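Asks: So you can see what is in the structure, the chains are spelled out below.
Number of protein chains: 2
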Amino acid sequence: MSLFEEVCKGIRPPDYESMEKASKRLDSLIKPIGSLGELEQIAIKLAGITGAIHNEINRKCMIVMSADNGICEEGVSACPQSITALQTVNILKGLAGISALSKHAKSDVKVVDIGINANINYSGLIKRKVRMGTANMSKGPAMSRDEAVKAIETGIEIVKELVKEGYNLLGTGEMGIGNTSTSSAILIAFTGIEADKVIGKGAGMTDEGYEAKKSIIMKALELNKPDKNDAIDVLSKVGGLDIAGMAGCFLSAAYYRTPIVIDGFISAAAALLAYKINPLVKEYMIPSHISAEPGYTYIMEHIGLKPFLDLNMRLGEGTGCPIAFNIIEASTHIINDMATFDELDINNDFLVDIR
Amino acid sequence: MSLFEEVCKGIRPPDYESMEKASKRLDSLIKPIGSLGELEQIAIKLAGITGAIHNEINRKCMIVMSADNGICEEGVSACPQSITALQTVNILKGLAGISALSKHAKSDVKVVDIGINANINYSGLIKRKVRMGTANMSKGPAMSRDEAVKAIETGIEIVKELVKEGYNLLGTGEMGIGNTSTSSAILIAFTGIEADKVIGKGAGMTDEGYEAKKSIIMKALELNKPDKNDAIDVLSKVGGLDIAGMAGCFLSAAYYRTPIVIDGFISAAAALLAYKINPLVKEYMIPSHISAEPGYTYIMEHIGLKPFLDLNMRLGEGTGCPIAFNIIEASTHIINDMATFDELDINNDFLVDIR
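So the sequences go chain by chain: A and B. Here the first sequence is numbered in the working numbering, starting from 59 and rising by one per residue. Here the second sequence is numbered in the working numbering, starting from 59 and rising by one per residue.
So here's chain A without its partners, still in its complex pose (with noise of 0.2 Å):
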């Protein structure tokens, strides 16, 4: 058996009884019953996925996934490939949002070439590159099987690694320009909604070059006809490494009981595509906000997850998990620290006078 199919096959469900026992001690807090809404769903679903009710997160990783894209040569974004390359070092140099973010959330961040079409040198890149980039899919497929399960098995090691070194809160993000027209073919092929509704216009692009990018997906989903009905058959062909990269982050965190959080687009797609592989997954994901793009929320009502956070972000690069991170650590402080109505002292001396 290999990696990939140990993993997928190995994901098992979260932990029913702790996730009701998480639930009971919620309901005696303190506080109206289910007043702490959202902060109350995701210590319920940490208690599912580690089986202990009361979590502490410990450290914290997020996995920025570079890859190039061969459809950026039908000119489907308003800014050159090597942008992909640049924007990977600026991250490992700190100075990109997603270095900010993280910084400012206490979060490592560890950056993997899984497929930049560029050699790169440069202190911490995690160098796993599967191939220069894909080909371009309006030609033919983005790339082979094979090279799409190493991809995912690239993600999926990288995870265990992270596990080993003591991580329990991870999140995805993606540096590869052109990703959203390899998201969007995604979303259409898995689900047969239209164009309009998906694509969005990314980074500063025209009308025209908007119109472009509609039509060369489509072009695309026809040329290679993905079947939906296999999830490898779709990232192959229409996908990108970055995706599969990050596909397989989520299938690991789930086979290895972590909780893992989506960012914005690309990372949703990502999160589809491992939902159409194993929808036990779902469990194990966190969503963050609701991106700008206008695909995102398709994929989120599909996977029936929901973003929390609406702060019109659209810069991908996974910048919308470390202000989550921090929404997720509230929640087990909220299930720790506070009191249950049993636990309260009863002796009300303070009190001179209640009328």
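Simulated from the structure, these hints should not be mistaken for lab results. Bear in mind the structure is a predicted one, so any value in this text is a computation, not a measurement. One thing to keep in mind: the hints can contain errors.
What the hints assert, rightly or not - With a Cα cut of at most 30 Å, we get these calculated DSBU-like pairs of lysine-lysine:
#1 B/Lys259 / A/Lys161
#2 A/Lys168 / A/Lys185
#3 A/Lys82 / B/Lys161
#4 B/Lys82 / A/Lys164
Could you slot chain B onto chain A? The hints should help.
Replies: Relative to the frame of chain A, chain B by itself:
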């Protein structure tokens, strides 16, 4: 000139020049323009408040105003009035929701007895009781004009002291059984909106209790006829001492150019009141979460603010604020720690080969 008048008249517009400079810096950072959404808007707002482009949050404080409401004797709440006193002590003991969330956010909590209907002796409680709870507004004005102004001035003074102590990010919370009724009455008095649209069920109320709550609130409004063009008239007739105190905090924070966060419905009602006294306060307020209480959204639309957390919370006590504190701090890290395109090292030696 009274303290109240001095503060109301002394509130200045935000520093538009600094906002413009902050906006320019944000546009020059290594990310697509505007792609960090609300984080950028908050950073710009902070620049307008403090006059500095680079801000740092040094000390954070939650201010919890505790007071009782005479309307409680009409059975508008599922809880007995004594819960106000008990829960105030639980907050001081560190056992309540706001205690756990503030500790997580590294925020202090100051609890003010501004009108609890009981005499409480407990370490840390700030004793500024204006009266032993308000009168029953369904039988007459909740309080006198002088008491309303005194309660506002209490909030003004508390923020003044906190600013002097070096706190530079504040949050507003409350504890007061019956205060969704007073908040609803204030909102209806100012906007004329239909009762059905704004009055919520509160915590654990029956359908019958809900209908009774609505008719009692409408009775109070019909009897007292608050003048919507006179905020102190509205406050004194159908408001509460907790709301008055928080309104004073908002006015004072604007006067001392310090960012202050709105929690849920009650805190928003106080924000609306402050906004009616001087609309400039809006420039110093930062919303946090969309409260599950129906009236909340109407207030935000009226003031023209947009919350960024959607956590389905309805606990009160200020619990949305510490979560927002982290996001506000995140906004400072964006503008302080990210690189601009100009600052980038354009030495690309690390790139062996960009194809």
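Asks: Does each hint hold? Answer for all of them.
Replies: These are the hints, each one checked on the structure:
1. B/Lys259 / A/Lys161: Between B/Lys259 and A/Lys161 the Cα gap is close to 41 Å, so the pair fails against 30 Å, i.e. violated.
2. A/Lys168 / A/Lys185: It holds: about 11 Å lies between the C-alpha atoms, which stays within 30 Å.
3. A/Lys82 / B/Lys161: Distance of about 23 Å is within 30 Å: holds.
4. B/Lys82 / A/Lys164: holds (28 Å)
Figure legend: structure checked against the earlier numbered hints; the only hint not met is number 1.
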